[in-house]
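J.: Listed below are the residues making up each chain.
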Amino acid sequence: MAQALQIVVCAGIVPDPLQTLEPVSGPNGPALKNEMVLPAVLDPWAACALYEAAQLAAKNPGSKLWLVSLGPKAKLQQVMMTVGQKAPFELVAIDGPIGGFPDAHATAAALAEAIAALPGLDRERLLFFGGWESATRGAGVTLQLVGERLGITDQFQGVDQITLRDDGSFEVLERVEGGRHQVSVCAGMPAVLGWATGNLAEPRNNPQIGMANMRGILPALQKAKRVELAANGLSYVSVSLPKQQRETRVEKNMTPDEIARELAAWIGAE
Amino acid sequence: MSGPAMAADATASGSVADPDSSEVPEVDRATMEVDIACVGFGPAMGGFLTTLTNEWMEHPDDPAFASKVAPGMPLQVLCYERADDIAAGVSGIVTSARGIRSSFPNLDTADIPMAAPVAEERVLYLMDPIGASRRSFVLRVGDALLRGLGGLLGVKDDAYELPWTPGFLHKHGGLLLSMGQFNQWVGSQLMATGLVQIWPGTPVSMPIFAGKTGKERFSVQGIRLADQGVDRTGAPTDGFMAGMDVHAPLTVVDDGPVGAVGQTLDRRLGMPPGHAQNEWALGMKMVIELPEGSPLKPGTVWHTFGFPEPEIFGFLYVHPDRLASVGIFVPSWLGDPSRTAYRTLQHYMQHPALWRYLKDGTLRSWGAKSLQESGKHGEPFLTGDGFARIGEGSGSTNMLTNSGVDEAWTTGVQLADAVVELLRADKSFTQENLSATYVARRRVSSLEREAEEAKNARNGFHGGLVRGMIGMALAGLTHGKLSLGGTIPTAREQIHPFSPRKIPGVKAQEAELLAEDARVGGRPLHDALMSARGWPEIEFDGRLLVTQQDALLMGGKVQAMPGFADHVVFRDAHLCAVCAEKTCVSMCSGQAITQTADGAIAFEREKCVHCGACLWNCAHTPVGGHTNIDFRAGAGGLHSVEN
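Going down the list, the protein sequences come from chains Z and H.
So that you can map any letter, position 173 of the first sequence is 173 in the working numbering, and since no number is skipped, the others follow by simple counting.
So that you can map any letter, position 78 of the second sequence is 1078 in the working numbering, and since no number is skipped, the others follow by simple counting.
These aren't lab readings, by the way, just hints derived from the structure by calculation.
The calculated BS3-like cross-link candidates involving lysine-lysine, where the alpha carbons are at most 27 Å apart (straight line), are:
| hint | chain 1 | residue 1 | chain 2 | residue 2 |
| --- | --- | --- | --- | --- |
| 1 | H | Lys1212 | H | Lys1427 |
| 2 | H | Lys1215 | H | Lys1068 |
| 3 | Z | Lys225 | Z | Lys73 |
| 4 | Z | Lys243 | H | Lys1359 |
| 5 | H | Lys1507 | Z | Lys252 |
| 6 | H | Lys1297 | Z | Lys33 |
Cβ-to-Cβ under 10 Å is the rule here; a few derived chain H residues that face chain Z:
| hint | residue |
| --- | --- |
| 7 | Met1191 |
| 8 | Leu1225 |
| 9 | Gly1555 |
| 10 | Gly1563 |
| 11 | His1639 |
Across the chosen pairs, the derived CB separations fall in these ranges:
| hint | chain 1 | residue 1 | chain 2 | residue 2 | range |
| --- | --- | --- | --- | --- | --- |
| 12 | Z | Leu263 | H | Asp1541 | 21 to 29 Å |
| 13 | H | Ala1602 | Z | Ala58 | 37 to 45 Å |
| 14 | H | Glu1493 | Z | Ala58 | 51 to 59 Å |
| 15 | Z | Ala58 | H | Pro1562 | 19 to 27 Å |
| 16 | Z | Arg261 | H | Ala1602 | 22 to 30 Å |
| 17 | H | Asp1111 | Z | Leu263 | 44 to 52 Å |
| 18 | Z | Asp257 | H | Gly1194 | 54 to 62 Å |
| 19 | H | Ala1144 | Z | Asp257 | 45 to 53 Å |
| 20 | Z | Met36 | H | Arg1501 | 55 to 63 Å |
| 21 | H | Met1073 | Z | Gly151 | 41 to 49 Å |
Just so it is clear, CB atoms sit at the ideal spot from N, CA and C, and this is done for glycine as well.
So that you can see chain H by itself, here it is in the shape it has in the complex:
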């Protein structure tokens, strides 16, 4: 489905329509006209702008690159990025880099800090040396067998390396990257051309629609920048500066899975029939300086599963200069009322198979982000009159190969090729024209074929790890011809309600006492539950094992400019107060969302890393299908560039 012409059908079929943004107060706003307004600077936007400027530089006199909104001027292309620096992205990247290498045929990996060619790939099944994880009977039997036959099978450090891994998991010829450094490298080259402008520290609050009725309701005319000089609620204070309206014939949206513009479009247009963004994961990682004499070589890639909980996948990537990225993915289908990421990551790092190499290492950087894990199922309307969507928010992540960066880059390249074609043909950026060029390119590409093969690969995980692995193997080995069926509940339905009788290894009475203690003390419950289940307390060493707040300060360097409104808003405070799970608190990467002794929920913008986990970790829906948490446009966040 390529355009919002189907939006009425989508709404009728049950998707959520935009409650409308008419509540935005009308104030005098400065306006600006540009040819192409871009939202967000991620890999997809890197691919879009790189391809556009390459073509432009090869044909500098081509009238296609003359501005239509400013006669006599070159094409006016502006990109607005929320983060304070274009290098403040976060992701653990191992990528096939096919699209990236195609854009940079003479790419020298050494030019990109922290980049390394993939040299060695291993897949490890991690057993539980502690005995606290929620393992099914089948897994426990499997673990016992592995331990019993350990000598024969090469089990070491409670880890079993799979002797064979299917080709779809391999990234031979690929690259290890730091997202921050890659974005900075791409951005520097783009800015050096002088053809496009990339403005960091400038959040975009919403798209500007042409009207509220008829076809104009789905037509985008540009973007509105976030208001500045406002209080937490958005009310003007001293130095109020209304966000500028940037009008453009084409708006390119790459604000990721939780971006304000993408969310607004999804609410207004609905999703194509049969599509939904129900599956999510929180990726959290540390960049670690390995101890002197570490035997791990640059380009080493480990994928792990089985620990700390069976549903949690992990990774270890080794960069040059003794740096390693180590992280986990906490999925929305993790059926654990103690769902949390930071403490889980610390237990993960201390698994004997990893700790052997990480012990005595030093934290250099830390970060987290939400991943839209629905893949092709989560693809929104890709185009409409005046807009096109690229990158992760456009459903490009491949859920079988666990990769998204190169796929995102490729969507940007495809859109740029389409835009150049339309500019040369002097055609306007209508839904029809964008569909015939951008969407058409995407549909016939290997990106689409692989996304189709992968789209049902994860279905089995809602029935447990073993079923999930079988489903992945089935889809991968048959190129998607066979897969396990399954109904995917919404993200909020995947949150397991807290029930004292259903905490593995904890008696109901003890669980009730812990819950009461947490409620009275205004503390999140997950920590107490994990300890009660047998997870040992973390013994901080001040170097690598540090408190969550120290990780913010030492690793994330989190900051927030004053003068912006809170970007996390609880729509109905009473619902939060009576919520028994408070998963938003336990899953908040920066401990920016906390609970008070009276059960209320508080948000501190200065601690937020903008991971967006709160958006899909709320179990309540006061109105329609929207949860009780709004995640809006905001400034600040991570300042670390090594993520």
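Only chain Z is shown next, with the shape it has when bound in the complex:
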């Protein structure tokens, strides 16, 4: 049985992971070199949450979907031109610093404040979605902190699937060690769901959805509230990129099968 849902998705923006990322030290702590120059995308895990939320809302007529995003207004605008074509939502934009170096507590406070102020939001019926991790330098705890500030105690992380039941309860599949899922049943909303990848492919760019979203996106960006995120005593000892191993070797005489065998052996040895 369909039920009108209220879903809030928290999704930040991150530098396109394909770009060359280089940590640097700035006057305000660590940053990425030329970060404002780099194109941004919706945080990949949170993007999965958005697509899952959009499908859930589509299956349940009368549902409402908000996308809450904190980042530099100009960058948010650029990202929304792509994301806005993929799923219908109402944007709540918060004009703040880019990146994952700000304190997670300060970020969570700004997000929780914006969500609490959403007109017509019934917190008792809220499904609060986001990514269980982040492609930024985030600690991966912002979602939980926002949930706690909103008073939501049922929290699930690494979610790949949610199934709503007619009695208002729902079943959740969470990733656990060993490539397995833990199955939980929650009596009802509100709940926090930190999504892993889910099961949906990235939606196609749909110009009609884009045009419909744009009516709300532009005003939301224009009235985006500026926030400063306090450091709260947070300091970084060091910053480095995940180690990458890249070796180039030119092979002209090996067959594809030989190359495949060597690669498999190399992967197995790592």
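Following the hints, position chain H against chain Z.
T.: Just chain H, lined up with the frame of chain Z:
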């Protein structure tokens, strides 16, 4: 020639008529009505939308900016860009920036990442320190003289700096730009106005014509977006979404020299009499982080010629923050059966005059694009009922000054001024009205005067470097009054057939063996031929000298969204299998086109950077004048924004 009213004449005079796009299957499509539909977001579209929105913001209550298709709404202006981000353009830009500065009178270069004012310009003739390039007797004598008199003439690192360069090559007061960053800067400002919408990741497959006969055959009613949820051949699969039809009284076309909409218009309308797009070049470049302590200052501009092959021009531009753009242009008139770009670029970078500064540098970005090098000769019909063309695809590039970005920008400004005039006069976007406003502005502008002066400047290059340089100097110094004559063959005719007896420095028997080895091994021949001619193997350092595939991954960040059809299509597979040259393979910037052991040709969309080189590097024509390769609308490509 401004409009397709002459199309019948053009077709009769031998230009290629559109074989018609009636083969497109009819499916139910969503439709949308807008006032102005724009195709492609490049510098010309930046100029168009910036000028339009500036005028709009100055007169927000002007009824001219009210929508006609959506009463009560403001003008609906939508721009569709193929690339996944508006910053994913590629070009090495040094520009006079006259038009750009006119649009932004208070322009602060520091506002645009990677931009720098031009500070120093040099033109270097590069000799061949390896001895592998195809040099004529005249050039070899010249090189010997330069080397002999090196001490007196200041020859250093096998390079001779010209003591004087003509004014037409100078960009004093101009700018060095990154195309990606410039587009992003312009686009951000446009989107912030809220007046226009720019949608990336949305390829446009074709214009929508009003009909198939009579005048309606040349009348454009909007655009069709590419189908999604299809297989490689375009057949619907799960999640099929037919591309939307966007109807508009005016379609503005700025999809560059190889764009699907521009190509379709050219096929349908033909070219104006005497016009043809025969000359092309592939520009390929790297953005390099220079080593610590580099003495090169931001704003430094080097133009080079003579190496790796005499016909190849190169450049080095220095941006702020120790970044440099280094690249080459491989022209269609390069009479070399080993025509290729990537390996050539690596040899270029290692010339002693450049390597002195680039050694120990790091690759940050890489990219490639086709350049339409016919200039004024390649100008298509600029307007028709319901459409206007701007930018490089409209033949705006100046072939004498080697510049196209500011010229493209200016065509966009001119069209915007014309559109505002027509909106205020409440006139429709007919060919006649667009011609009287946009084309008229273009014809009386300095852009047109300079294009006329430049139009024959390159003729001489089809007779060699020396003749080409003389022709350029003649045209430049006399403002186009004098130039060398010449018949320009079509691009496919400029491809030199592979002949084992005509490979410089390689015996016929060896060339035949190499060709057979390449055929059996399914490998492109150009690499083996270059090595046989004496070009040394590239010693990869993993930082700057990397394999072509590493350049795709590290520099281009190439990606392709699933669900789109292949945009490179081989029309007759048998022709490809028996083709001896396979220039499409050797010139493919991303190694997306490869040959198999049985001689067949394969295309991998995931590697394609959408440079379009395959379009003009095919020597075969199964039907009419169209080569055996179709280059259609497609998604994906470069994701680097530092190009």
